[in-house]
Amino acid sequence: MANSYLTSESKKLATWYFTVAATLFGAQLLFGLVAAIQYVIPGFLFEILDFSVARMIHINALVVWMVFAMFGSVYWLLPDETGIETVGIELGKLLFWVFTAAVTVVVLVYIFVQVGAADETSIWFIHEGREYIEAPRWADLGITVVALGFVANLFMTGMKGNRSGIVTVLMADMIAFAGLYLTGMFYTDNITVDQFWWWWVIHLWVEATWEVFVGSIAAYGLITMIGAHRKVVEMWLWIEVTMLFGSGILGMGHHYFWIGTPEYWWEIGALFSALEPLPLVAMFIHVLYDWGKMQGEESAKGKDVSVITNKPAFTWFVLNAFGNFLGAGIWGFFHTLPQVNLYTHGTQFTSAHGHLAFFGAYATILIGMMYIAVQGKNGIKVMNNTTSTIFATSMITGGVVGMTVALTVAGYVDVLVTRAQMGATWAGYFDGQSGAWFAQGMDWRLVMGVVTFTGFFFLVKDLLSIGKATHHVR
Amino acid sequence: MVNEAIMTQDILADDFLTIFVSSTLVLVFGGFYVGIYTAVKVKLLKAWTMPFGYLFWILTAYCLYLMGSLMHVNELTAKALVVAAIGILLLPHAVYYMQDRVHEENEH
Numbered sequence: 001m002a003n004s005y006l007t008s009e010s011k012k013l014a015t016w017y018f019t020v021a022a023t024l025f026g027a028q029l030l031f032g033l034v035a036a037i038q039y040v041i042p043g044f045l046f047e048i049l050d051f052s053v054a055r056m057i058h059i060n061a062l063v064v065w066m067v068f069a070m071f072g073s074v075y076w077l078l079p080d081e082t083g084i085e086t087v088g089i090e091l092g093k094l095l096f097w098v099f100t101a102a103v104t105v106v107v108l109v110y111i112f113v114q115v116g117a118a119d120e121t122s123i124w125f126i127h128e129g130r131e132y133i134e135a136p137r138w139a140d141l142g143i144t145v146v147a148l149g150f151v152a153n154l155f156m157t158g159m160k161g162n163r164s165g166i167v168t169v170l171m172a173d174m175i176a177f178a179g180l181y182l183t184g185m186f187y188t189d190n191i192t193v194d195q196f197w198w199w200w201v202i203h204l205w206v207e208a209t210w211e212v213f214v215g216s217i218a219a220y221g222l223i224t225m226i227g228a229h230r231k232v233v234e235m236w237l238w239i240e241v242t243m244l245f246g247s248g249i250l251g252m253g254h255h256y257f258w259i260g261t262p263e264y265w266w267e268i269g270a271l272f273s274a275l276e277p278l279p280l281v282a283m284f285i286h287v288l289y290d291w292g293k294m295q296g297e298e299s300a301k302g303k304d305v306s307v308i309t310n311k312p313a314f315t316w317f318v319l320n321a322f323g324n325f326l327g328a329g330i331w332g333f334f335h336t337l338p339q340v341n342l343y344t345h346g347t348q349f350t351s352a353h354g355h356l357a358f359f360g361a362y363a364t365i366l367i368g369m370m371y372i373a374v375q376g377k378n379g380i381k382v383m384n385n386t387t388s389t390i391f392a393t394s395m396i397t398g399g400v401v402g403m404t405v406a407l408t409v410a411g412y413v414d415v416l417v418t419r420a421q422m423g424a425t426w427a428g429y430f431d432g433q434s435g436a437w438f439a440q441g442m443d444w445r446l447v448m449g450v451v452t453f454t455g456f457f458f459l460v461k462d463l464l465s466i467g468k469a470t471h472h473v474r
Numbered sequence: 001m002v003n004e005a006i007m008t009q010d011i012l013a014d015d016f017l018t019i020f021v022s023s024t025l026v027l028v029f030g031g032f033y034v035g036i037y038t039a040v041k042v043k044l045l046k047a048w049t050m051p052f053g054y055l056f057w058i059l060t061a062y063c064l065y066l067m068g069s070l071m072h073v074n075e076l077t078a079k080a081l082v083v084a085a086i087g088i089l090l091l092p093h094a095v096y097y098m099q100d101r102v103h104e105e106n107e108h
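Quick mapping for you: the protein sequence lines, in order, are chains A and B. First residue of the first sequence: 1, per our numbering; consecutive thereafter. First residue of the second sequence: 1, per our numbering; consecutive thereafter.
So here's chain A without its partners, still in its complex pose (with noise of 0.2 Å):
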């Protein structure tokens, strides 16, 4: 699609990260199916690519996914942000190109080497065995480089230009985030020791500087969408963040309970994870706040019109609120205080809440942007929805939700028979495998994965063709 309405070199190079994550999303769901079927049918592809290896390309590529979205989420706003052309852009294409790739070589090492002898040289090369990061450590150094490249351009446009509420809370939130990955890389020979570390990664991004650029993007989107007073949004936003730090960064105890670390974290955990969910009670107030007094102030002037430009990307928005709330705060919340989740953890509970919390506090607002990016794409002033929005809307939505619903079943059936009635054992496992309930949630997840799948077929056709349809305001 030409980028003639795009005047912006950081707004293109966003559109360029949007295609990359749209591509590695569907390689997250790919696999994922591929895992889904080992659940049901166990010997499919037994030694040609097995359940080990799907599952990995399934989580590191959601991982990977979402940071290339957020990446072009950042290029896209900036401009709009500081009133300037992004600082260093050509080093951010640059950039670009060496982090596309270093992806590409990792995952064809991880579906064509797999894996190697029990030395540094596949720490070195092939993936450092710890989940979702398991970039090799080439592929880290590189990212690093990337990320740091990345956070550069973000400063320097930041202090050049108008610094907005938006703007500072990213640059706080971007140094942060990539900081953090650096605490996911070095090896110990200590597997408590590890553990301990690669939580820094994966929690304080998850609940911490993930959820603070969602509640950043959600500003931003609030203002460009529905007209938002940014001086509303940007107090709202200083509220979130302190929220999400002040509860996220010590609910990282709800990892700690069990891995060997001192006892103090399961009261640590305890506390902060039962407040956790205030944040995002929260950000759901924010939305229907705005969109209600956006709204409201449209009413007043006896304008019977709808304030949202971009429909589709606010549809999307709107199920960040909900999918962020239910996934990350419900799922969430009803197994994290230590005396359940003594019987949960590592249960199908944790990939229900796994499943529902990185759709719906993630997947969502960043397929919206990708809705911002292709409305601007396109030089349309009022977005409407295609027959194909409302299929990979609903198909992705409910797909993902039937997962979590057949996954909880299954989890029900490991917490209560393997945890609860048979004390952990091999025999509870098994037990539990082969229960009915657990073997038909299996199947039910599959079904409900395949229905994703085809959401994201239609999903992509719309994202190509929607910027042509003739029903929309230029």
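Hints are supplied without guarantee of correctness; some may be wrong.
Said to hold, decoys possible - With a cut-off of at most 25 Å between alpha-carbon atoms, the simulated DSS-like pairs for lysine-lysine come out as follows:
| no. | chain 1 | residue 1 | chain 2 | residue 2 |
| --- | --- | --- | --- | --- |
| 1 | A | 303 | B | 43 |
| 2 | B | 43 | A | 231 |
| 3 | A | 160 | A | 311 |
| 4 | A | 303 | B | 46 |
| 5 | B | 43 | A | 301 |
| 6 | B | 43 | A | 311 |
| 7 | A | 231 | A | 381 |
| 8 | A | 301 | B | 46 |
| 9 | A | 377 | A | 468 |
Note that these hints are calculated values from the structure, not bench results.
Fit chain B to the known structure of chain A by using the hints.
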């Protein structure tokens, strides 16, 4: 130490479902409370629906109590749950107050 500090009593197998349902309902009811409160304030809902919002908060608090009791939480966690319940009660008030003040300053 473990038994005294936190794991005072194992959860009964029959209680798991109630625990999961009640902890889910904590945030479902909490969401209804917050949603109704905010919707009334921004005039998306009529004022007479506000008591239903507070009814949902009472249900939220009850579910927290039920969940905590069945889990046999220790004293500190019980206090944390009380703080969470009060936090959910106060949150929309505080947020609406601040947002409204900023709105007024912004517009007048």
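Open item on the list: If you test the structure against every hint from before, which numbers come out violated?
Closed with: Structure breaks hint 3 only.
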